[in-house]
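Enquirer: Could you put together the complete structure from these sequences and hints?
Top line first, the protein sequences correspond to chains X and U. Sequential numbering from 1 applies to the first sequence in the numbering used here. Sequential numbering from 1 applies to the second sequence in the numbering used here.
Be a bit skeptical, because a hint or two may be false.
[Stated by the list, open to error] Facing chain U, a subset of chain X residues (Cβ under 8 Å, in silico):
#1 K105
#2 G106
#3 G200
#4 Q218
#5 G256
#6 E263
[Said to hold, decoys possible] Below, a list of computed lysine-lysine pairs in the DSSO-like style, where the Cα atoms sit at most 30 Å apart:
#7 K105(X) <-> K104(U)
#8 K104(U) <-> K291(X)
#9 K181(X) <-> K319(X)
#10 K105(X) <-> K164(U)
Honestly, the hints are just simulated from the structure, not real lab data. From the three backbone atoms N, C-alpha and C, an ideal C-beta is built for every residue, glycine too.
Below are the chains, spelled out letter by letter.
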Amino acid sequence: MNKNRREFLKTAATGAALIGSSAAVDKLAFAAPDQHTPAGKSRVVVAHDPQLHGSDGKLDDKRAQALLDCAIASWTGRDNPVEAWRHIVPVGKVIGLKVNGLGGKGIATHAVLTLAICERLQQAGVKPSQIVIFEQRTHFLDACGFQHVDNPGGIRTLSSEIYGYEPQPSSYGSATIRLAKALTVCDMVIGLPILKDHSGAGVTFAMKNMYGVVDRPQDLHATNCNPAVADLNCIPAIRQKVRFTIGDAMTSVYDGGPGFHPERLWRPNSLIVGEDRVAIDHTAWQMIERKRAEAGMPTLEAVGRPPRYIATAADEAHKLGVNDPQRIHLMEV
Amino acid sequence: MKVPKSAWIFAAVAVITMAMTVGIGCRKSAIDPFPASDAVKGWQKTGETRTFAAKDLYQYIDGDAEQYISAGVISTSTADYKYEGQLEAVADVHFMSDAVGARKIMETGRTSDARQVQLGDAGLAYGQSVIFRRGPYLVRIVAYESKPETQEALLSLARGVEAKL
Chain X
1 MNKNRREFLK TAATGAALIG SSAAVDKLAF AAPDQHTPAG KSRVVVAHDP QLHGSDGKLD
61 DKRAQALLDC AIASWTGRDN PVEAWRHIVP VGKVIGLKVN GLGGKGIATH AVLTLAICER
121 LQQAGVKPSQ IVIFEQRTHF LDACGFQHVD NPGGIRTLSS EIYGYEPQPS SYGSATIRLA
181 KALTVCDMVI GLPILKDHSG AGVTFAMKNM YGVVDRPQDL HATNCNPAVA DLNCIPAIRQ
241 KVRFTIGDAM TSVYDGGPGF HPERLWRPNS LIVGEDRVAI DHTAWQMIER KRAEAGMPTL
301 EAVGRPPRYI ATAADEAHKL GVNDPQRIHL MEV
Chain U
1 MKVPKSAWIF AAVAVITMAM TVGIGCRKSA IDPFPASDAV KGWQKTGETR TFAAKDLYQY
61 IDGDAEQYIS AGVISTSTAD YKYEGQLEAV ADVHFMSDAV GARKIMETGR TSDARQVQLG
121 DAGLAYGQSV IFRRGPYLVR IVAYESKPET QEALLSLARG VEAKL
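Expert: What follows is the structure, given as structure tokens:
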């Protein structure tokens with residue numbers, strides 16, 4: 001870990017106020033985003049803290065919060081977390097956080113991450129009543145640490161099983177679905193997927209997380225979820241509203257997913273952040289492949305489930321983002 | 001017309017066999033495989049049993065459902081447990097159409113660090129999970145934390161489930 005990063009974490013972990021903390025700000029010294037990303041490239045930040053999990057295997061909440069701040073600061077080029085978040089989210093609008101709890105408690109979006117984002121959103125001026133945390137099913141939401149509470153005065157935590165779906169279907173290509181109302185009530189959605197191997201798709205992360213905003217995801221699994229993942233993300237409400245991803249790669253499963261397989265549990269201790277969902281998924285896929293190789297496992301291609309939907313999402317028919325490594329500006333911090 | 005005695009015996013055996021087959025099938029698909037709280041020392045059942053037919057399995061394990069369906073799952077039941085108030089675990093019992101399906105799923109997920117254990121027809125233990133099959137049943141119990149007592153605790157719960165199959 002470099003000195004700047006170490007100092008930043010130290011400042012955060014000791015409880016110093018990160019908002020306007022000039023000490024942390026000066027040490028990070030990032031350029032503005034338009035200056036630190038070459039033209040025509042998609043910026044993806046992989047923020048990593050090797051000490052995120054203690055020797056007892058428990059996630060250090062303070063370090064997780066600091067990692068979020070570091071990731072957002074790096075992506076925006078704004079060191080002050082409040083300013084950084086104002087750069088990402090429109091104030092006065094309803095912001096959705098699509099968590100992922102399909103794999104159960106062992107491999108769900110960490111509540112500490114979701115709550116830290118909620119805190120930063122509020123500090124940036126988003127009212128609690130304008131924040132919606134949502135998942136497809138009640139027990140998925142429960143796995144993420146939340147219960148269904150439709151509290152109009154505060155942060156809403158919604159299960160689409162209860163909150164429901166739009167009556168009219170939406171279509172694009174192979175995907176004809178009904179959208180979760182929890183998504184359609186939002187002006188902007190931030191995807192909070194958790195990095196996993198997937199028995200069909202190969203990898204599930206930013207784009208595949210959108211299977212949790214539709215009524216019948218089981219209809220979208222044919223042929224390794226390709227082109228369904230790309231088609232689904234092209235449905236206008238998803239393409240337009242889901243504009244940012246804060247990917248939870250603090251823990252992961254590199255095989256046997258998407259369910260929780262502790263024998264394949266892995267702790268990348270990272271967050272993967274950006275607005276280009278394709279570039280993020282490509283980055284996540286490479287991480288999974290590196291881990292599989294390290295564990296002596298065959299590639300996803302070799303086991304018959306390469307995540308081809310990523311290339312499909314980048315093609316001329318979809319144009320959801322870029323999957324060419326030459327066009328991804330990867331910042332590892 | 002007089003029916004030969006042997007024919008009556010054959011018919012009776014056939015009827016009894018059919019009744020037993022149907023009866024066993026019903027009994028097995030309807031059994032509750034989950035030990036009640038304290039039925040296994042230290043283990044509390046912390047939630048209601050949820051059961052999903054094959055067609056609804058995606059509601060529980062969307063994405064994983066296909067491999068179970070292709071292996072012939074009929075239904076999956078699941079229940080949450082807690083050991084000594086701390087260690088959380090989930091027990092899944094998959095009722096397959098035959099033992100071949102149970103074996104297929106178990107072998108597909110097998111990794112080199114598996115330890116063979118005496119459970120059902122075949123059992124495997126990992127640091128944080130136990131899986132075994134017995135006839136058409138496939139049982140998987142997974143803990144959410146790794147503690148020194150985790151594996152033994154999981155094995156004790158697994159034996160409790162096995163006794164109810």
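Enquirer: Does K105(X) meet its interface restraint, that is, does its C-beta lie within less than 8 Å of any C-beta in chain U?
Expert: 5 Å, holds
Enquirer: Do the alpha carbons of K104(U) and K291(X) lie within 30 Å of each other, as the hint requires?
Expert: 26 Å, holds
Enquirer: Measuring from the C-beta of G200(X) to each C-beta in chain U, is the shortest one below 8 Å?
Expert: Because about 6 Å separates G200(X) from the closest Cβ in chain U, which is inside the 8 Å limit, the hint holds.
Enquirer: K105(X) and K164(U) were given as a pair; does the straight-line alpha-carbon distance stay at or below 30 Å?
Expert: Within the cut-off at roughly 26 Å; holds.
Enquirer: Checking hints one by one. Is Q218(X) an interface residue toward chain U, by the C-beta closer than 8 Å rule?
Expert: 4 Å, holds
Enquirer: Are G256(X) and chain U close enough, Cβ to Cβ, to be under 8 Å, as the hint says?
Expert: 6 Å, holds
Enquirer: Checking hints one by one. Is G106(X) an interface residue toward chain U, by the C-beta closer than 8 Å rule?
Expert: 5 Å, holds
Enquirer: Keeping to a limit of 30 Å between CA atoms, is the pair of K181(X) and K319(X) held or broken?
Expert: 25 Å, holds
Enquirer: Against chain U, with CB atoms and a cut of 8 Å, does the hint on E263(X) hold up?
Expert: 4 Å, holds
Enquirer: Please verify whether K105(X) and K104(U) have alpha carbons no more than 30 Å apart.
Expert: 26 Å, holds
When held up to the earlier numbered hints, the structure conflicts with none and fits them all.
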